[in-house]
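Just so you know, the sequence shown maps onto residues 1 to 360 in full-length UniProt numbering.
Simulated from the structure, these hints should not be mistaken for laboratory data.
Ideal Cβ positions, reconstructed from N, Cα and C, are used throughout, including at glycine.
Among the clues, some could well be false.
[Said to hold, decoys possible] Here are the simulated lysine to any residue pairs, SDA-like style, with alpha carbons at most 25 Å apart: (1) 297 / 206; (2) 170 / 48; (3) 155 / 169; (4) 283 / 294; (5) 217 / 194; (6) 273 / 256; (7) 126 / 66; (8) 120 / 304; (9) 4 / 184; (10) 70 / 291; (11) 170 / 309; (12) 317 / 286; (13) 184 / 343; (14) 126 / 67; (15) 170 / 154; (16) 170 / 189; (17) 117 / 63; (18) 170 / 314; (19) 294 / 112; (20) 294 / 73; (21) 310 / 175; (22) 222 / 198; (23) 297 / 337; (24) 297 / 112; (25) 155 / 175; (26) 54 / 23.
[Claimed, not checked] Cβ pair distances, simulated, as ranges: (27) 249 / 82: 44 to 50 Å; (28) 215 / 24: 39 to 45 Å; (29) 87 / 271: 32 to 38 Å.
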Amino acid sequence: MLTKSQIEKYADVMVWAVMEERRGKFSKGDIVRVKFELPAISLAEEIQIRLLDKGMHASMRPLVSDNMDKNFYEHASNKQLSFVMPWEETAVNSINGNIFILAPTSLTYLKDIDPAKMAKRATAMKPLGDILNDREYAGQFGWTVCSFPTEALAKKANMTVKQYANQIAKACYLNESDPVDAWKTAMKDMEKIRVWLNRMLVETNHLHVQSKNMDLKIVPGKHRRWMGGEGANIPSFELFLSPDYRHTEGVYFANLPSYRRGNYVEEVRMVFKKGSVVEITAKKGEEYVQKTAKMDKGASRVGEFSLTDKRFSKINKFMAEILYDENFGGRYGNCHLALGSSYGETYNGDLKTFDNDKKG
Numbered sequence: 001m002l003t004k005s006q007i008e009k010y011a012d013v014m015v016w017a018v019m020e021e022r023r024g025k026f027s028k029g030d031i032v033r034v035k036f037e038l039p040a041i042s043l044a045e046e047i048q049i050r051l052l053d054k055g056m057h058a059s060m061r062p063l064v065s066d067n068m069d070k071n072f073y074e075h076a077s078n079k080q081l082s083f084v085m086p087w088e089e090t091a092v093n094s095i096n097g098n099i100f101i102l103a104p105t106s107l108t109y110l111k112d113i114d115p116a117k118m119a120k121r122a123t124a125m126k127p128l129g130d131i132l133n134d135r136e137y138a139g140q141f142g143w144t145v146c147s148f149p150t151e152a153l154a155k156k157a158n159m160t161v162k163q164y165a166n167q168i169a170k171a172c173y174l175n176e177s178d179p180v181d182a183w184k185t186a187m188k189d190m191e192k193i194r195v196w197l198n199r200m201l202v203e204t205n206h207l208h209v210q211s212k213n214m215d216l217k218i219v220p221g222k223h224r225r226w227m228g229g230e231g232a233n234i235p236s237f238e239l240f241l242s243p244d245y246r247h248t249e250g251v252y253f254a255n256l257p258s259y260r261r262g263n264y265v266e267e268v269r270m271v272f273k274k275g276s277v278v279e280i281t282a283k284k285g286e287e288y289v290q291k292t293a294k295m296d297k298g299a300s301r302v303g304e305f306s307l308t309d310k311r312f313s314k315i316n317k318f319m320a321e322i323l324y325d326e327n328f329g330g331r332y333g334n335c336h337l338a339l340g341s342s343y344g345e346t347y348n349g350d351l352k353t354f355d356n357d358k359k360g
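Model the full structure from these sequences, guided by the hints.
Next comes the structure, spelled out in structure tokens:
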């Protein structure tokens, strides 16, 4: 497991990260909600201390157990799946920050739940997310997320808990004397590359990704910009944009496995035509990926295209946690895409003029 010193440093990093994501606009009296799974209570306690010492109000919110979460999806009616507690809207209009700590006791407890049920729940909760997004764009809210080592994660990643904790410590600079300073240095270096990529966008019609198993064309589109390196995820080494999905063509292949809502997915191959997925195959998890891509029209379109530079990411093992696996550095770094929701902050302009044509 993480040592006491590493947990204390982790707390320093997470409080810095949420402030960084909001560009340092926090002040005394602000409300920061800390949502955590119970195995991570030691980290949550350290974060609480730091928030209180900064004069902020720390709203500590332990998450429901795996069984409670599973019970909800198994027993809730459609009406209950769509119901949102009335105080939730007040909360998202009031909090100034969110810190999430992932520490699962199981990765597969939702694997047999109908994806349509989870999609229905996600649709019901979307208006709350929209409020937070709007407040984030206005500089009123910031967020960050991290992962805490557990037996469940280590087992699925074929490691001991100690080995898994060592991977987290390495990836998050927790062995450094000043991990926050290490993150600041990394983000400054990432910013140089982000600026370079954005300069290239001016004269870039499309991006062409080729490998033994992949031949994909991504069109960034007008009014786009690369984003990343701002504290939203710890760790996060990726630079990403939301492209003009309408022009995505070719074959995408993921040689790295991942877990998504309890489902293990390996060697996914997707064929795109005129912006949408028309064929999906996978060595494992094929049916799950196919179902999720059919949830609605947007579920079959590219919402994110991402690049990770191996010089920044020290993640070189499968971690069974998408927060880490999407930031895989390894020998070559990585590129990946995500279907579904796009990121408004990658629009390089006034979001008030962000109409359907510009959304692309």
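Consistency of the hints with the structure:
no.	hint	verdict
1	297 / 206	holds, 23 Å
2	170 / 48	holds, 24 Å
3	155 / 169	holds, 18 Å
4	283 / 294	holds, 19 Å
5	217 / 194	holds, 20 Å
6	273 / 256	holds, 23 Å
7	126 / 66	holds, 22 Å
8	120 / 304	holds, 22 Å
9	4 / 184	holds, 23 Å
10	70 / 291	holds, 19 Å
11	170 / 309	holds, 16 Å
12	317 / 286	holds, 23 Å
13	184 / 343	holds, 23 Å
14	126 / 67	holds, 23 Å
15	170 / 154	holds, 15 Å
16	170 / 189	holds, 18 Å
17	117 / 63	holds, 20 Å
18	170 / 314	holds, 7 Å
19	294 / 112	holds, 17 Å
20	294 / 73	holds, 20 Å
21	310 / 175	holds, 19 Å
22	222 / 198	holds, 12 Å
23	297 / 337	holds, 17 Å
24	297 / 112	holds, 23 Å
25	155 / 175	holds, 23 Å
26	54 / 23	holds, 16 Å
27	249 / 82: 44 to 50 Å	violated, 36 Å
28	215 / 24: 39 to 45 Å	holds, 43 Å
29	87 / 271: 32 to 38 Å	violated, 45 Å
Checked against the numbered hints above, the structure violates hints 27, 29; every other hint is satisfied.
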